[in-house]
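Engineer: Since the structure of chain A is already known, use the hints to place chain G on it.
Protein chains in written order, with this note's numbering: chain A, 1 to 386; chain G, 1001 to 1386.
Just to be clear, a hint being listed does not mean it is correct.
Unchecked claim - Selected chain A positions facing chain G (Cβ under 10 Å, derived; list incomplete): (1) Glu85; (2) Gln127; (3) Gly375.
Stated by the list, open to error - Output of the computed footprint for chain A on chain G, the stretches with three or more beta carbons under 8 Å from beta carbons of chain A: (4) 1280-1291; (5) 1314-1320; (6) 1364-1376.
Derived from the structure by calculation, the hints contain no laboratory data.
No residue lacks a Cβ here, since even glycine has one placed at the ideal position from N, Cα and C.
If you want the building blocks of each chain, they are given just below.
There are 2 protein chains.
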Amino acid sequence: MTAASQKSTLIDNIGLLVTPGAERTGAAVVIEDGVIAWIGDSRSSVGSAPAADERIDAAGRCVIPGFVDTHSHLMFAGDRAGEFEARMAGQSYSAGGIRSTVTATRAASDSELLTNATRLVAEMRAQGTTTVEIKSGYGLTIGDESRALRLASTLTRETTYLGAHVVPVEFAGDVSGYVDLVTGAMLDACAPHARWIDVFCEDGAFDVDQARAILSAGIARGLGARMHSGQLGESGGVKLAVELGAAAVDHCTFLSDSDVDALASGNTVATLLPGVEFSTRQPYPDARRLLDSGVTVAIATDCNPGSSYTSSMPFCIAVAVRDMGMTPAEALHAATAGAAAALRRDDIGAIEPGKRADLVILDAPTYVHLAYRPGVPLVHRVLSSR
Amino acid sequence: MTAASQKSTLIDNIGLLVTPGAERTGAAVVIEDGVIAWIGDSRSSVGSAPAADERIDAAGRCVIPGFVDTHSHLMFAGDRAGEFEARMAGQSYSAGGIRSTVTATRAASDSELLTNATRLVAEMRAQGTTTVEIKSGYGLTIGDESRALRLASTLTRETTYLGAHVVPVEFAGDVSGYVDLVTGAMLDACAPHARWIDVFCEDGAFDVDQARAILSAGIARGLGARMHSGQLGESGGVKLAVELGAAAVDHCTFLSDSDVDALASGNTVATLLPGVEFSTRQPYPDARRLLDSGVTVAIATDCNPGSSYTSSMPFCIAVAVRDMGMTPAEALHAATAGAAAALRRDDIGAIEPGKRADLVILDAPTYVHLAYRPGVPLVHRVLSSR
Chain A
1 MTAASQKSTL
11 IDNIGLLVTP
21 GAERTGAAVV
31 IEDGVIAWIG
41 DSRSSVGSAP
51 AADERIDAAG
61 RCVIPGFVDT
71 HSHLMFAGDR
81 AGEFEARMAG
91 QSYSAGGIRS
101 TVTATRAASD
111 SELLTNATRL
121 VAEMRAQGTT
131 TVEIKSGYGL
141 TIGDESRALR
151 LASTLTRETT
161 YLGAHVVPVE
171 FAGDVSGYVD
181 LVTGAMLDAC
191 APHARWIDVF
201 CEDGAFDVDQ
211 ARAILSAGIA
221 RGLGARMHSG
231 QLGESGGVKL
241 AVELGAAAVD
251 HCTFLSDSDV
261 DALASGNTVA
271 TLLPGVEFST
281 RQPYPDARRL
291 LDSGVTVAIA
301 TDCNPGSSYT
311 SSMPFCIAVA
321 VRDMGMTPAE
331 ALHAATAGAA
341 AALRRDDIGA
351 IEPGKRADLV
361 ILDAPTYVHL
371 AYRPGVPLVH
381 RVLSSR
Chain G
1001 MTAASQKSTL
1011 IDNIGLLVTP
1021 GAERTGAAVV
1031 IEDGVIAWIG
1041 DSRSSVGSAP
1051 AADERIDAAG
1061 RCVIPGFVDT
1071 HSHLMFAGDR
1081 AGEFEARMAG
1091 QSYSAGGIRS
1101 TVTATRAASD
1111 SELLTNATRL
1121 VAEMRAQGTT
1131 TVEIKSGYGL
1141 TIGDESRALR
1151 LASTLTRETT
1161 YLGAHVVPVE
1171 FAGDVSGYVD
1181 LVTGAMLDAC
1191 APHARWIDVF
1201 CEDGAFDVDQ
1211 ARAILSAGIA
1221 RGLGARMHSG
1231 QLGESGGVKL
1241 AVELGAAAVD
1251 HCTFLSDSDV
1261 DALASGNTVA
1271 TLLPGVEFST
1281 RQPYPDARRL
1291 LDSGVTVAIA
1301 TDCNPGSSYT
1311 SSMPFCIAVA
1321 VRDMGMTPAE
1331 ALHAATAGAA
1341 AALRRDDIGA
1351 IEPGKRADLV
1361 ILDAPTYVHL
1371 AYRPGVPLVH
1381 RVLSSR
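Pulled out of the complex, with its shape left as it was, chain A reads as follows (with noise of 0.2 Å):
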């Protein structure tokens, strides 16, 4: 990680630039006070590059902007390789296991919490990501969920209040009774860590009134939405997140022709988890579909103990590009570009004047390679305005 604030950088020589619509080869970038200044031909072709304090030589390897990862639920304690084993041994995956790490998360101190956290942060740095949202949603009482996003933002601005992540068994048999807390008391003490506020709209958590009633408050409180839906069956959440103008639905394995349309038409970008389907066996959303239909589509990783503990944006990536129907293009677009548009965001996702200079140098002379190369650790350098 190299802090580039404070001081300008060249980064000559690169092999492969992409940058918003184009792939310039013997490109170079300088960089001013964690911001992109310019972009040009290498110094070595023309010479034309401004000075610099400090100059990096990307030797011919592919420049990319940093990755944006939109779903991650790193505030967690434990773990759940047992689970993991026991379901590819043959036993599906259910919503349910989810309360595992709830009690888990409760037990855990705040320090254990952080430092978990921060280990994940960090390794996914390390493998190329720039932009991380954390979400809450393994605490599930007003103290628990309100510490998660206060951590939480230590870490990283894309804080994401999941108090409706699944119905905690203190509740089990009073689900509208967990809504009104999920939307009074816990909104309160939440909403002022938080950026967004995600709902998990599935058969076994939350139906699409609930959904409704939580995402509205959220947003009566200033918060942005976001929300999980279509992992496991088609439901009516796609349309409502459409409909209530949220930045992304994600999931998206289980769409109608009408989710499609809904999402087309709308301002809600789907963002798709790898990483979920690889580690439960579910079937691959098809993002040929949605790409052909002109939705903007995100890819994450969707890091957490129970359904895709994968922090690595290349892997997501590669079985993208395998499992999705995307190019190699359209993946590293989805995981930078699309991802910003998920967040909402105008500063990240790209390399061009302007945006922040969150930048991953790759051990490779294209980003073919990312899914070309599975599994192999190809980030070379990581830049971050941060």
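Structural biologist: Chain G only, in chain A's frame:
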């Protein structure tokens, strides 16, 4: 990479130690002169470990044998990222693409070939591989094949002569003439640099009679036999491999019941190559069927620029668990002890006194994380006897 030879090292405080037939908690290992000398309880628990020159605190991490990658094609030049992109867009894989790498490899200098292979071996070691087999097969002339093996032998003792990778274009109308070359003057030039001889026995490459002639010629020269077969369809290759006492037959995607019976009754390891099916969208081999029949199974990367450009054994383990019906323990065994059997080596692939001290300390409490956390670089430290 730590050179562990010529001194003693205590690895203490091991959270989970994988030894043949058992998994120990709270363990310690002592290495002397590059060999495992002692296994017992962690010094922090009972203080029984012998004294050592150096102490490594594993801090509760899992320690596994170094991976043994028995199938790689590292002696090549160029890459085939464009072919990969075309395949992902719908073109099917065929062995013919090998010829484009042959052209690039013949044109490369010794230094270019060795630099590329050295880079890939280093990449493998960073991901926990401590033994790697390297094949020729992109030269297909006397000079180019013997050069590849001479260079490969500077990187590993597990070198494999694969003049019979594919029929080169200059012999397109004269396959038997090429077999004569492979079993004659080319063998003479290559045998001094090789431990093994291999043949691609498949439609589009070499048939069973040709494969028999090729392997028999190698065996007569003192080389061990290996085979590629069953990648694209059933052939008689698998039974031939068993009949000739080959150490391994690799791919094994398409197997008849009698092929499985032959493997179970013989001394030939079935080596599965998950990266190939991942990167070509071919059906995955059924490891469960093989294991349940009593066949010894290995996993390898098949690292090559065409069908599988991964160098990551952890990635291959994750895919084997997800898509081939192996448990995490079976996949780890296949990547270590099973793979050692596929090289007929009794000095590697397991952590027990007398074996070479090739060990990997994982950044995880259990090896299950290799499958549970796909794509995540989990190798904390590699100790190698070399």
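Engineer: Work down the list of hints and note, for each, if the structure agrees.
Structural biologist: Hints and how they fare:
1. Glu85: 6 Å, holds
2. Gln127: Holds. Min distance 7 Å.
3. Gly375: 2 Å, holds
4. 1280-1291: Since three or more residues must qualify, the claim that chain A covers the region 1280-1291 of chain G is violated, with 1 doing so at under 8 Å.
5. 1314-1320: Holds, because 4 residues of the region 1314-1320 of chain G bring their Cβ atoms closer than 8 Å to Cβ atoms of chain A.
6. 1364-1376: holds (count 10)
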